[in-house]
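J.: Dock chain B against the given chain A, drawing on the hints supplied.
Going down the list, the protein sequences come from chains A and B.
Residue 242 is where the first sequence ends in this note's numbering, and the numbering goes up by one at each step.
Residue 633 is where the second sequence ends in this note's numbering, and the numbering goes up by one at each step.
Please keep in mind that the hints were generated in silico from the structure rather than gathered at the bench.
Sample of chain A residues facing chain B (criterion: CB under 10 Å; computed from the structure):
# : residue
1 : Tyr162
2 : Gln164
3 : Phe172
Some chain A residues judged to face chain B by a derived CB distance under 8 Å, without partners named:
#  : residue
4  : Gln168
5  : Gly169
6  : Pro170
7  : Gly183
8  : Gly185
9  : Leu217
10 : Glu230
Ideal placement from N, C-alpha and C gives every residue a C-beta, glycine not left out.
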Amino acid sequence: ETGVTQSPTHLIKTRGQQVTLRCSSQSGHNTVSWYQQALGQGPQFIFQYYREEENGRGNFPPRFSGLQFPNYSSELNVNALELDDSALYLCASTIPGGGAYNEQFFGPGTRLTVL
Amino acid sequence: AQSVTQLGSHVSVSEGALVLLRCNYSSSVPPYLFWYVQYPNQGLQLLLKYTTGATLVKGINGFEAEFKKSETSFHLTKPSAHMSDAAEYFCAVSDRSGGSYIPTFGRGTSLIVHP
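Chain A extracted, bound-state conformation (with noise of 0.2 Å):
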């Protein structure tokens, strides 16, 4: 069983460029969220999305965006990019049912650079 994979690792980008980072979930897991960890800082919740859709979100602009795929991979899209989105990008999953006290499995994240 694989876990979480996350592309690419690292990432450079200009300051009003686009950029889309992809997950693959657990097997099985059919949840998926993603968190902007800034350095020093815990993970700040993005949004999360299940079967395709969001079902929720944390204080992001619009420019963040996200889609799941049928089989559950995901991908995170931020528009317009601010040098404050320099940031680890983390990917976590969810078994299927997952409520508050289940356990979120977490890719290794993409480290993005705005310059």
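T.: Leaving out everything else, chain B in the frame of chain A:
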């Protein structure tokens, strides 16, 4: 809305000494509480969680935490630190928001273990 406070951004202990990492939460409803560990260049891994029942929770790698409702605390302890315990530790609380459970993470505590 829930929040998590981790006291001390850095905790330094000697190998073999007691580890105590502090976490206080605020939540309007009974919380689900978690501790995660993050090793360098890796995603987060669940150490332990509290849902209901026994207030002393045992996790992996010899860690445990005690839920104290009266103190709104969920401190993480380990009797004897090992060099391999050096990592970033995050406390998190999960609460219902709309149709999903949104976890809120603390800012993290970096555990430093001296030989």
